Amino acid sequence: MTESTATALHELTASDAARLIRSRHVSPVELVQALLDRASALDPHVQAWVRLDADRALEAARASEQALASGTEVGPLHGVPFGAKDIFDSAGLVTAAGFSPYASRVPARDAEPVARLKTAGAILLGKMETTQFAYSDPSRTRNPWRDDRTPGGSSSGSAAGVAARLIPIAFGSQTAGSVLRPAAYNGVVGFKPSYGRVSKRGVLPLAWSLDHVGLLARSVADCSLVLANIWGYDPADPHSDASQPAFVVDEARSSPPRLGVVREAMEHATPRLRDHLQAVASRFEQAGARLHEVSFGETLELILAVHQVTMLTEMAAVHWQLLEQYPGAHQPRLRANVEVGRLLPGVSYVHAQRLRRRIRQSLRRCLAEVDALLLPTAVDVAPGRETTGDTSLQAPFSLVGFPSITLPSGVDDAEHLPLAIQLAALPWQEARLFGAAAWCEAQLPRMPAPPLA
Amino acid sequence: VTELRRCAVAIYGEERAAEIRLQTALESAAAVLWRVNQEPLGPVGDEP
Numbered sequence: 001m002t003e004s005t006a007t008a009l010h011e012l013t014a015s016d017a018a019r020l021i022r023s024r025h026v027s028p029v030e031l032v033q034a035l036l037d038r039a040s041a042l043d044p045h046v047q048a049w050v051r052l053d054a055d056r057a058l059e060a061a062r063a064s065e066q067a068l069a070s071g072t073e074v075g076p077l078h079g080v081p082f083g084a085k086d087i088f089d090s091a092g093l094v095t096a097a098g099f100s101p102y103a104s105r106v107p108a109r110d111a112e113p114v115a116r117l118k119t120a121g122a123i124l125l126g127k128m129e130t131t132q133f134a135y136s137d138p139s140r141t142r143n144p145w146r147d148d149r150t151p152g153g154s155s156s157g158s159a160a161g162v163a164a165r166l167i168p169i170a171f172g173s174q175t176a177g178s179v180l181r182p183a184a185y186n187g188v189v190g191f192k193p194s195y196g197r198v199s200k201r202g203v204l205p206l207a208w209s210l211d212h213v214g215l216l217a218r219s220v221a222d223c224s225l226v227l228a229n230i231w232g233y234d235p236a237d238p239h240s241d242a243s244q245p246a247f248v249v250d251e252a253r254s255s256p257p258r259l260g261v262v263r264e265a266m267e268h269a270t271p272r273l274r275d276h277l278q279a280v281a282s283r284f285e286q287a288g289a290r291l292h293e294v295s296f297g298e299t300l301e302l303i304l305a306v307h308q309v310t311m312l313t314e315m316a317a318v319h320w321q322l323l324e325q326y327p328g329a330h331q332p333r334l335r336a337n338v339e340v341g342r343l344l345p346g347v348s349y350v351h352a353q354r355l356r357r358r359i360r361q362s363l364r365r366c367l368a369e370v371d372a373l374l375l376p377t378a379v380d381v382a383p384g385r386e387t388t389g390d391t392s393l394q395a396p397f398s399l400v401g402f403p404s405i406t407l408p409s410g411v412d413d414a415e416h417l418p419l420a421i422q423l424a425a426l427p428w429q430e431a432r433l434f435g436a437a438a439w440c441e442a443q444l445p446r447m448p449a450p451p452l453a
Numbered sequence: 454v455t456e457l458r459r460c461a462v463a464i465y466g467e468e469r470a471a472e473i474r475l476q477t478a479l480e481s482a483a484a485v486l487w488r489v490n491q492e493p494l495g496p497v498g499d500e501p
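Chains as they are written, first to last, in our numbering: chain A, 1 to 453; chain B, 454 to 501.
Careful, some of the hints might be misleading.
[What the hints assert, rightly or not] Label pairs and their calculated CB-CB ranges:
id, chain 1, residue 1, chain 2, residue 2, range
1, B, 469, A, 236, 48 to 58 Å
2, B, 480, A, 62, 52 to 62 Å
3, A, 329, B, 481, 20 to 30 Å
4, A, 446, B, 495, 49 to 59 Å
5, A, 8, B, 494, 55 to 65 Å
6, A, 444, B, 471, 46 to 56 Å
7, B, 471, A, 321, 17 to 27 Å
[As the list claims (entries may be wrong)] Which bits of chain A does chain B cover? Going by a derived footprint, with three or more residues having C-beta under 8 Å, they are:
id, region
8, 299 to 305
9, 350 to 364
Hints were generated in silico from the structure; no laboratory data involved.
Note that this is a predicted model, so its numbers are computed, not measured.
Positions of the beta carbon are idealized from the N, C-alpha and C atoms, including for glycine.
Using the sequences provided together with the hints, build the complete structure.
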């Protein structure tokens, strides 16, 4: 490491690592080795990694270094290591989704987001812990802030790993709140794009119309950098949107945003999170943001009921045959909810989808006069390890498919746990969302690393 | 919830249907199902 990279290698964000690798101030081999060494030291405790691919990652890093030395044109994420939740297929590397019958399941090709990130030059370091099939039975991963609290789920390994500086960026997925909530509980940035923006080919499903590929990172800039390299129509994914507008990175925006503070979310949050959000909102207002109180235009209770009926029915459709094929292999909550989902009447599912369209229109109106919605990411700080937490403030945006992002916004003095705010925007307006989020990020205190790290 | 329980017994058997985990999931599903079915929609167009 040279003087210009005095930051420890494991502290580098993906954007910084990409820049320093390109300028040859950081060696991709040294970076990969530093992260492998860190995994050896810390992961026996955190348990964020389910499977490291050390040999191939080092081989890829050596190839990256040679490409730079020979002056070959390189991609925007050249030499940058990343992780992927273990529901993302990885060519030649087991992808098991926490499901024991899949312990020897080795995909022939990478999931499309993994493939696209590799095409941009990034290096897959390994697979990260997930709750089984990305549902809500807790995984073994520990929250690096406090052992007695959940890291959240289902992207538990991705969130805890990014927080513990085991990896700068990692793929997660969100069906209810499985990217943003673990990000909030671990004090990192979590982002999910518009539904249909990023291909899900090769990502094991939980509930097709709700599943989103997402990202865990330590900066808004990293989310933007990754999205710029993975977005776009994929004809092999039936959920990929062929009519999506281009995602164009807007680095110029620095003006204070117009933010809509969501009444229903404030009423639903605990006093701790409500007070925190009000304090953050005041800080933003003093810095020039224009804040308005807005309403979803629907009750949160109805939004969550529609989400739940949709998820239970689709989960049952995804899993009932596997449940019969491998009796006893599913975790208890997943099994029970698949069994119950099978019993729900079809007419209720269709009614829920009609309501879903109405809710989507209501949320569009809610966003009409603002750049982004502002609300707590979770109702409270991370709860105990018997749960993965409450999805009720993340699920609305999974239901309607709008992009959303969570930013760490402080540490609770009493609990010594991260606090977080959430922003959401209209479909396809990720650049506008990142603009608002980057401005907010600049107003917030720098998030410290967790005590473990 | 009574109707869902009856279906659960018919499909999964009395023993499984009586397990706490399934009971909890049934009660939770019945609550959201009721909420969705209570919500009126209209006028009915050509969807879905």
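Hints versus structure:
1. B/469 x A/236: 48 to 58 Å: 38 Å, violated
2. B/480 x A/62: 52 to 62 Å: With Cβ atoms ~56 Å apart, the hint holds.
3. A/329 x B/481: 20 to 30 Å: 23 Å, holds
4. A/446 x B/495: 49 to 59 Å: Given range 49 to 59 Å: holds, Cβ gap about 52 Å.
5. A/8 x B/494: 55 to 65 Å: The hinted range 55 to 65 Å holds for residue 8 of chain A and residue 494 of chain B, with Cβ atoms some 56 Å apart.
6. A/444 x B/471: 46 to 56 Å: 50 Å, holds
7. B/471 x A/321: 17 to 27 Å: 25 Å, holds
8. 299 to 305: Three-residue rule met by the region 299 to 305 of chain A, so holds; n is 4.
9. 350 to 364: holds (count 8)
Of the numbered hints listed earlier, the single one contradicted by the structure is hint 1.
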